[in-house]
Structure formats: C-alpha cells, structure tokens
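Heads up: the protein sequence lines correspond to chains A and B, in order. Counting along the first sequence from 1, when you hit position 18 you're at 18 in my numbering, and nothing is skipped either side. To convert, take the position in the second sequence, counting from 1, and add 1000; that gives my numbering.
Quick caveat, the hints were computed from the structure, so don't treat them as lab data. Every residue, glycine too, gets a C-beta built ideally from N, C-alpha and C. Possibly wrong hints are sitting among the right ones.
Covered by chain A, per the in silico footprint, the following chain B stretches (three or more residues, Cβ under 8 angstroms) [stated by the list, open to error]: (1) 1031 to 1043; (2) 1104 to 1116.
Heads up, simulated SDA-like pairs for lysine to any residue below, C-alpha to C-alpha not over 25 angstroms straight-line [unchecked claim]: (3) 295(A) - 1035(B); (4) 61(A) - 1050(B); (5) 19(A) - 1028(B); (6) 1044(B) - 98(A); (7) 244(A) - 1189(B); (8) 1038(B) - 85(A); (9) 1205(B) - 436(A); (10) 1147(B) - 1026(B); (11) 242(A) - 1094(B); (12) 61(A) - 1091(B); (13) 61(A) - 1048(B); (14) 1204(B) - 104(A); (15) 293(A) - 1057(B); (16) 61(A) - 1147(B); (17) 1205(B) - 98(A); (18) 61(A) - 1209(B); (19) 61(A) - 1057(B); (20) 436(A) - 169(A); (21) 88(A) - 1186(B); (22) 1038(B) - 18(A); (23) 295(A) - 1204(B); (24) 1028(B) - 20(A).
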Amino acid sequence: MIKTISGWGLYPKQKSIVKTPINNDQIKDFTVNTRELILPRAMGRSYGDSSLSEHVIQMNKFRYFINFDQNTGLLECDSGVTIEQIVKYFLIRGWFLSVTPGTQYVSIGGAIASDVHGKNHHVSGSFSNYLLDIKILLGDGQIVNASRDENNDLFFATCGGMGLTGIILSARFYLKRISSSLISQTTLKAKNLDEALELFEENILSHYSVAWLDCMATGESLGRSLIILGEHATNGDLYEKKSKIISIPITMPISPINNITMRIFNELHYQKQFRLTDKRVVSLQNFFYPLDKIKNWNRLYGTRGFVQYQCVIPKFYGRKGIKKILEIVSNSGQGSFLTVLKVLGPENENYLSFPMEGYTLALDFTWNIQVQKLLDNLDKVVSHFGGRLYLAKDSRMSHNFFKEGYKRLDQFEKVREKYNAVNKFESIQSRRLKIK
Amino acid sequence: MRHIVVIGATSAIASACIEIWANQMPTKFSLIARDSNKLQRMSKDFIIRFPLIEISQYTLDFLNVEEVSSLIHKISKVVPIEIALLAQGYLPEQVDCESDIELCKKTININAISPVLFLEALAQIMENQKFGTLAVIGSVAGDRGRKSNYVYGASKALIAAYMGGLSHRFSKSKINIILIKPGPVETPMTERYRRSGLAMASPKKVAKDITKGISIGNNIIYTPGKWRWVMLLIVHLPKFIFNRMRI
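Next up, chain B with everything else stripped away, as it sits in the complex (with noise of 0.2 angstroms):
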C-alpha cells in the first residue's frame, strides 16, 4: 500500500491534497498535526468517506528535535515513506510582527525552523531507502521581500533556499524534492484579507495542481500557474519602480 506523510494535515491544503489522493488508491496516511482533536474528526470523516484508506494520527511538538526526529523514524519502520507533504504554516500581520518580536519569533519557528526539522529527518530516510518524493509548501511571498509581509516572506525564502540544495543533494538519485509555492488561497489562515477583494484561489485547485505536479515530479510548482509569469515580473522589476509599488 502506498504511504503517504502528511505534516500540518488538518490545514486546508492538506486535507484537499489528502483528498485527492484517497481517491486515487487504497493508501496508508500519516497525518501529523498540532491540533488533535480536530485531526481526529477529520481522519475520522476520511475513513467513512474512503473505506479503503488506513490513516495513523499523530500529535507533537513541531519544535522538539528530538520528537520529530524518533517520530519520523517510526513511522517510516512500519512502511517505506512514498511520499511526505509539510504543510504547516502561520501567517501573521506584517504590521504586528514589526512591534512584536516574539510574533516575528513564531512566524519563522512554524515556516521554516520547524519543517527543516521534519524535512532533516525526512531526507536521511529518503537517502536509505533510495526513493520517495519530499514536497513542502512554500509561497510566492519568499520569492522577493516586501513590506506588506516581509517576515512571512523570508522564512518561506528559507524553504526555499533549502529545498534548493536538498534537490541538489539529491540531484544523481530517485528522489524528488518540490517546492510548491501557491499565491493567496481561500483557507482559515487568509480569512481577514478576503474583504479586501483579493483573488484567491480554492484550496482545492491548488491541491490538484499539487499532486498532479507531485505525480509529475516538478521540482517547483506555481500554483494557480499565473504566479509563476507574475513572480518573475515581481522579482526582475529595478529598484525604483518596486519601491514605489504598495505590494
């Protein structure tokens, strides 16, 4: 049976992701999340709805070293890891982070200390059992700092630069390493800027763009695809004409 990791699964990206993938194939789901008790009801409506899947739930600490390196090693002794998707993420005000410290603190521990952590651990049983597709979810807000969320931005930019030299590291095996990196999606975590009128895309079109990418093996995916073109604007425009933009 296929095995499938998922960390920070009861995010919407992830439970759409993990949809998709239930309905593919009888898969065994390691979900791995902060919060239990919703973890539960969601695995729980997963199994009604696909029988044939196996799902094992698991809680911890996403900082502890030590927790997420034994709980990894675990869960890959019970069946060779397929495929591991990170999907955690915090998104907090810009403005705030730049009066409280400690927020810019929490911001980078979630985005990008945390899934080094998991994507360590992960790597080095990737590299012993030789294959397996490792995934995480990045942004299009780490590809060139601005002001109206800089912090966010720079540790999705670590991700980035990591995810960079793991798919180096990896470059001569079979082993997949993919950054997704979606524009604003329509989850919990975007709630209060959907008034402003900004485009948002549906959890759902960005998990299918995820797991076809995944299945296709692209090393970054740009999901709506149209961020991919705007990025590239974004980051190649001079200095004088980004400084005057209000992005």
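The shape of chain A in the complex, shown without the other chains (with noise of 0.2 angstroms):
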C-alpha cells in the first residue's frame, strides 16, 4: 500500500511503499525478495525521519506476548508490542517497565531500536539495560539472537541503532516489581539555570527527575523551572482509574502555538505553583505519560510540522552549555512551548545510544526557515562543547556533527557489513547521516 508518512513532528512526509507482514514467513519473503532498501516501523512515535524510508516494513501485526515469568518479570513479546498493552495488562498485577519514555505509543521495538530513556536515566540507564536478549532478521532472512553473551557485537548495535541493523522480531526483557500505581510527586521551583542545576544535584537519589523550563525567560531568571521529582508510592493499590483522553482531530491550518501563546503559557505555567516545594500523590499515567491525555497534540502545531531538538551536553560543561543554548534561544525570538531538562548518568555499551553523563534538553519548535538557522546555530555549541544530538528525534543534524558526535560509528558500521545489512537496511536519516 502506497501511503504519506511521517514521524511525530509531522515533518518531513515521505510517500513509501507500506508493506504488513502478519507472520515470519512475510516478514522474512519481504525483506529477502527485494532490491529495495527497506527500513522496519511500528509506531512511527520518533519524531523526525528516522523511521521513514521509500519501503517501510509495518511491524504492528506483531502484537503477541510470548511468554511471562512471574518470579522474575521477565517478559517476552513480539516487538510490535506497546508499552500501553504491558501497562495495561501488567500494572494490575503490581509490574510496571524499568525504563519508560513519555508516551506509552511506542513499540518494543521502536524502544530497543531508539535505546529510550526515561525520569529515572540517572540511576536506571535506559531500555536496553534491562533486556536480556532479542531475536532479529537479518538482511540476509535468518534469524538470530543476540545478547551481552552472544552475537554481543550485533546487540550493541541493534539497541540504539534505529533498525538499521536487521528487524527485531521479539525481545525478552524485566519489568520491575511496584506496589503501588501511585506516584508521590515532589514539585520545586527553581528561579534560574543555576538553583535548577543545583536541584538537580541535591536529590539526584531520586528516583525520577525531570524539570519543566520556561524558555520565554530571560536575563536573572533566565532556565527558571519547576523540577519534578518523584518515587513509587507504597501506599495506594493498583487499579488506575481511567483518565479523560481529548483528541486534536485535524491538523490545525493555523498554529495557535505562537510567541505570544507561548509566553501565556509559560507564565501561567511557572507562577501557578506559590509554594517553592510543592508535594502532592498523583497517578502514573499523569506522572509519566502527561501528553498521551491529548490524543494528537502534534497536530497543534500545524501543517507544517514540528521539530524537536534534544542534545546532551557532557557534565563537566553542562552549566555553560545549557545556559549558552537558553541564551541563544531566547534572543532567537522562536519559543519552544514544551521545554524538558533532565540529568542524565553514564553511557552505556551501544554503539548509537544517545545518552552520556550529563544535561540533556529538549525543545520543540513550529518548522520555519529561521527555527533551521537557530538549530544549525545550537549545533555549533552542542558540537563545541562534546555533546549530541538525539537520532530519535533528529531530521536534520550534519553528517559531520553526528560523526563527532557519535563516536563508535565505526563500529557500529563495521556490524552492518558483517550482518547483511549493508544496501538492506536504510532510511532517509541514515542516507543523510551517511551512515555505511
């Protein structure tokens, strides 16, 4: 089936061919019957193109859990799962992920291939340290495992490496034991970048922390935030009562996001809170999935779509890394409604992970000409200061940036040769980044 898709950001559109395997066999005719270079998708919830390409194999057929340890949590399941139906069905009996990232509409596979991270990085690393093996086609049509024991070269590659490097088909991986579907949330004000990083610090036993930044703000209180901060509640049982879903039905021909809208916005936002510390028990779904209440909401930002820039700045430079890239973005005049800070703890094995010890920041701006020329600005001090950019939600970076930026792509490139996956696998972010 011809169709026009796009990631999260709605930009940019691609025409593919979509092609739905509903078994192995498919899958398997699919991908070895070809001379097409083809790319696997699910639920296309990155933001940018890397889960576009000219042949797109739709995995959302795949929707099985294979099998379930109740003494371990370990779960098993066919990678066109989403961590809505684990949420769904597990939460009741007290499992919830190990790592989360905002929305519950992503696939396994898709959090595998993007190596997700979420509130609890700092201390829990992000998706992949809790997988224990997966199961993949190769361009060639086998199928293997790979694991930290076996294949490990194919699986450092595959976590994080946006399905570049095969179809995953399932994985096998730990959800974590909760009591509770509460969440007790700590809310503090901070009035600028410094007092934010600060409390960042402070409580980074924490077991999760992210801060809400208002980027309208400028001079003394420039990165002033409310940093979130939160722990499973012990008491409350499991059922999650269902929250109201409203959904943004057409894309919007007129943004209402907008300068003006968004320093309302943000205003409101910051001074609705009167109290510096603010504590109160909320639920899960409110806690970690706060957008998924509004079905769409990348529809507001109209025809033209969106871009979301997130970037890691390593520790030792992030102060002035984070403080330089506000400075720029505030004088820019282009305002980014949602803006997200979060600490992040040490790198993992994958050769593409995006997360390094260090700040990351996430910003989300209407696509025009000047937000290109902003962002090309903002690389330059990312690049400058030893940071990156997130693949999961580029549609954009220099081949050159990413290079510096992701230093293991050699290896990452060598696995693609020895797997097949050379003129197999491709989408339209790997041929811009040009990546082997």
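Work from the hints to combine the two standalone chains into their complex.
What follows is the structure, given as structure tokens:
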C-alpha cells in the first residue's frame, strides 16, 4: 500500500510503499525477495525521519505476548507490542516498565531501536539495560539471537541502532515490581538555571526527576523551571483510574502555538505553583504520560509540523552549555512551547545510544526557515562542548556533526557489514547521515 | 467455570470476542483453528494477559465429518458447552470465482459446509445438555445476492437458512440460536478492499456487539446496527432499481 508517512513531528513527510507482514515467513519474504532498501517501522513515534523510507515493513501485526515469568518479571513479547499494552495488562499485577519514555504509544521494537530513556536515567540507565536478548531477522533472512553473551556486537549495534541492523522480531526484558499505581511527586521551583541544576544534584538519589523549563525567560531568570521529582508510592492500590483522553481531530491550519500564547502559557505554568516546594500524590499515567491525554497533540503545531531538538551536553561543561543554548534560543525570538531538562547517567555500551553523563535539553519548534538557522547555531554549541543529538528526534543534523558526536559509528558500520545490513536496511535519516 | 468453544479462533473477530469474554470472568476456552502456529501464539498471549482463563487448542481438517464430530464430542465431555461461536470464513474475489469453479467450491466449503458439520455436532450436544448458545458469523452479503459477491453471499445465505431451521427446532428449549451479520469489518480478510474507501467497522466494535447480543440472546445480530436498516432497504428494492445499482 502506498502511503504518505511522517514521524511524530509531522516533518518531513515521505511517500512510501508500506508492507504489513502477518508472520515471520512474510517478513522474511519482504526482506529477502526485494532489491529495494527497506526499514522496519511500528508506531512512528520517533519525531523526525528515522522511521521514514521509501519502503517500510510495518510491524503492527506483531502484538503477542510470548512468555512471562511471575518470579523474575522477565517478559518476552513480539516487537510490535506497545508500552500501553504492557501497562494495561501488567500494572494491575504489580509490574511496570523498568524504563519508560514519555509516551505509552511506542512499540518495544522502537524502544530498543532508539534505546529510549526515561525520567530515571540517572539511576537506572536506558531501556536496553533491562533487555536480556532479542530475536532479529537479518538482511539475508536468517533469524538470530543477540544478547550480551551471544552475537554481542549485533546486540550493541541493534540497541539504539534505529532499525538499521535488521528487523527485531521479539525481545525478552525485565519488568520491575511495584506495589502501587501512585507516584509521590515533589515539585521544586527554581528561579534560574543555576538553581535548577543545583536542585538536580541535591536530589540525585530521587528515583525519577525531570524539569520543565520556561525558555521564554531571560536575564536573571534565564532557565527558571519547575523540577519534578517522583518515587513510587507505597500506599494505594494497583488500580488505575481511566483518565479522560481528548483528541485533536485535524491538523490545525493555523497553529495556536505562537510566541504570544507560548509566553502566556509559560508564565502561567511557572506561576501557578506559589510555594517553593509542592508535594502531592499523582497517578502513574499523569506522572509518566501527561501528553498521552491529548491524542494527536502533534497536530497543534499546524501543517508544517515541528521539530524537537534534543541534545546532551557532557556534565563537565553542562552548566555552560545549557546556559549558552538557552541564551541563543531566548534571543532568537523563536520560543519552544515545551522545554524539558534532565540529568542523564553514564553512557552504556551500545554504539549509537544517545545518553551520556550530563544534561539533556529538549525543545520543540514549529518548523520554519528561521528555526533551521537557529538549530544550526545550536548544533555549533553542542558540538563545541562535546555533546550530541538524539537520533530519535532528529530530522536535520549534518553528517559531520553526527560523526563527531557518535564516536563509535565505525563499530556500528562494521556490524552492519558483518550481518548483511548494508544495501538492505536504510532510512531517510541514515542516508542523510551517510551511515554506511 | 464457563466453557466457550470458538471455531476459527484465530480470525480477527473471534479473537476480539475471546478478549472480551476473558475480561469478564474466569473461562475455559476450547479454541479450534486451522493454523496451529498462530493458534499457539495467540493462546499463549491470552494466557499471559488473562492468567485466570484456561485454553485448550485443537487443529483439525474443517471438512472431515468424522474428525469434527468426534472432536466436538470430546470437548463437550470435559465441561458442558455454554457458548459456541463459529467464525471461520473465506472471502474470494468474485471475478475469480466466475472463471475458477474450484474457488467457488472452496468458498462454499469453508463458509457453509464446514459450519454445518460443526453446527450439527454442537446442536446434538446442546440438545442433550438442554442449554447453550450456538452463534455463527454470517454476513449481510447473505441477505440478497449481488453481482459483486454472490458466491460468498450464497454461502452465507445457506448459513442463514440453516440457522433459521435450528432456531425453529429449538424454539421451545433453552438453547439460543444466534446468527451474526456483520457489515464490512477491518480484518485481514478484507485488507485488499481497504483502499477503496469502503467504511469498515473495527473487529473490536463488532466483537462488542456480538458478545452483547449473545448475552441478551438476540436471534439475529446486525453489526454495526445500521446494517439492519441498510439491508432491509436493499432486500426490498424493486428489481428494476436494484439491477441498475453497482453494488
């Protein structure tokens, strides 16, 4: 079927031949018996062009749970299973994802391919840290296992490898025990960036932490933010009250998101909390997936779509780097509606995983020419301080900048060569970034 | 424990029904399908999601009289059957049927002959146990033969007449006979029509109507409900108008 597909940012768009296999034989057939370059895809929740290609293998029909061990929490499932499915069936039994991104609508295959991280990265690492092994179909149709013990080069390349090493069929990973569906949330008010980073460090032992940042603030209050800390509550039960979901039915012809609405929203959001510290108990859905309550919120950005810019700056230069970026953004007049800051823990062994010890900042911009220039400037800052961008959000970085940030690209390319992925798996992103 | 038998269990509509039933209460399912591999994967998935249900899996030749009847008897001996749902189905391209008589035969075998074999065996069992619900997925296509799919339609019309007869036979008993008539549903069976812009219901919505209709005991379930009125109209259209329509 020919379809126009795009990532979550609705920019860029790509006309694509989409094949939806229903069993392993079909995947094999679609992979081996074609001369086209293909790419596996499921929920399309990466923002930019990493899930786009002229030929995609849509994995939505692979949605079965395969095995679950009650004693250890080891879950085996198809790669098309979503985090939503896992929360739906396992929360009630006292199990939750060890690491979850900010939306439930990602597939396990996608979570592995982007090696997603969550609000607990500083203590728990990323998704692949809890991954035992994966079953993957290679470019020649062979199905192999990859883990830290078996084909470990393939494992380290596939986790965070953006679907460029093969098609992940299924995976085994550990869920974690929880005793309540509630989160004890503490919100701290920081009047500028220095204070925010100090608060992060003071609360480094807090299990979950993230900061919402007012990127419209300048001068003395540059980087003023609300730091949100969370711990799994010990009281309460495992039932999850269904929250109302509203939906944006169409892409807005004129986006309601502009500098004025953004300024108002940011001001109100910052000022709505009077006290310096606010403690409350919130539901797990509200804490981890607040944006899932607005279905298709990406449509608010209008037909041009938006880009999310997520970078990480190594801890050593973190304060300087983040400050510089915020200054450039607030001087540019281009506001970011939602700006998120978080501390990341140490880098793992995967060749293309994003996280490294430092601070990560994520900004959203409605797509236009000025934004392009602004982001090119930000790239220079990130590069200057030795940082890099998250491939799952990227749709525009240059291949030089990519190479500088991802130092183990050589190893990744060797694995692609060794496991027959070259001239088989490709995305619009990998072509742009000249990944061999 | 409630015992539900599902034939053609791997179909999208059947598996959506199983999900709803599994969510209601602990249930013993006897699932029968042709594709043993898919049945196995699906069963395991259900057991993981709903730890309090039980599933027995069976694969057999759907047209073998002996095998069908002995399997149904075997299944009913363990626990009486409360509900039996028949969901096997095959939708050919009508044009292909017109040149390929084998395809006509296959269509009628899967959609009509096979259900009859199962239904007769199940009817006997329910007559003996004096209760139960027999439900079959027919189709709106069985209401009036149309040039776009009359082989498929005819196979479903046979089921309709057959269920009418069963319903008559059991009218004075506690056995419910239910014919389900879905409109087009978004399943792998209809995948090739999706591009034509035909409005299709989701298997989830159809399964909701089916399980609800079964629990109430409606004899005929149109799903989505609007098809009752659409078909009423189509069935009563005078021939000179009907013949001009491209449906």
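Hints and how they fare:
1. 1031 to 1043: It holds: at least three residues are needed, and the segment 1031 to 1043 of chain B offers 4 whose Cβ sits within less than 8 angstroms of chain A.
2. 1104 to 1116: Violated - the segment 1104 to 1116 of chain B has 0 residues with a Cβ nearer than 8 angstroms to chain A, which falls short of three.
3. 295(A) - 1035(B): violated (36 angstroms)
4. 61(A) - 1050(B): The hint holds at about 20 angstroms.
5. 19(A) - 1028(B): violated (36 angstroms)
6. 1044(B) - 98(A): Cα-Cα ~23 angstroms, so holds.
7. 244(A) - 1189(B): violated (33 angstroms)
8. 1038(B) - 85(A): holds (19 angstroms)
9. 1205(B) - 436(A): Violated. Residue 1205(B) to residue 436(A) sits at ~46 angstroms, over the 25 angstroms cutoff.
10. 1147(B) - 1026(B): violated (45 angstroms)
11. 242(A) - 1094(B): Judged against 25 angstroms, a Cα distance of about 45 angstroms means the pair is violated.
12. 61(A) - 1091(B): Roughly 20 angstroms between the alpha carbons, so the hint for residue 61(A) and residue 1091(B) holds.
13. 61(A) - 1048(B): Given that 25 angstroms is the threshold and the Cα spacing comes to 18 angstroms, the pair holds.
14. 1204(B) - 104(A): Since the Cα atoms of residue 1204(B) and residue 104(A) sit roughly 20 angstroms apart, the hinted pair holds (cutoff 25 angstroms).
15. 293(A) - 1057(B): violated (39 angstroms)
16. 61(A) - 1147(B): Distance of about 32 angstroms is beyond 25 angstroms: violated.
17. 1205(B) - 98(A): violated (33 angstroms)
18. 61(A) - 1209(B): OK: residue 61(A) and residue 1209(B) at ~23 angstroms, within 25 angstroms.
19. 61(A) - 1057(B): holds (21 angstroms)
20. 436(A) - 169(A): Since the Cα atoms of residue 436(A) and residue 169(A) sit roughly 23 angstroms apart, the hinted pair holds (cutoff 25 angstroms).
21. 88(A) - 1186(B): holds (23 angstroms)
22. 1038(B) - 18(A): holds (23 angstroms)
23. 295(A) - 1204(B): holds (19 angstroms)
24. 1028(B) - 20(A): violated (32 angstroms)
Comparing the model with each earlier hint shows violations of hints 2, 3, 5, 7, 9, 10, 11, 15, 16, 17 and 24; every other hint is respected.
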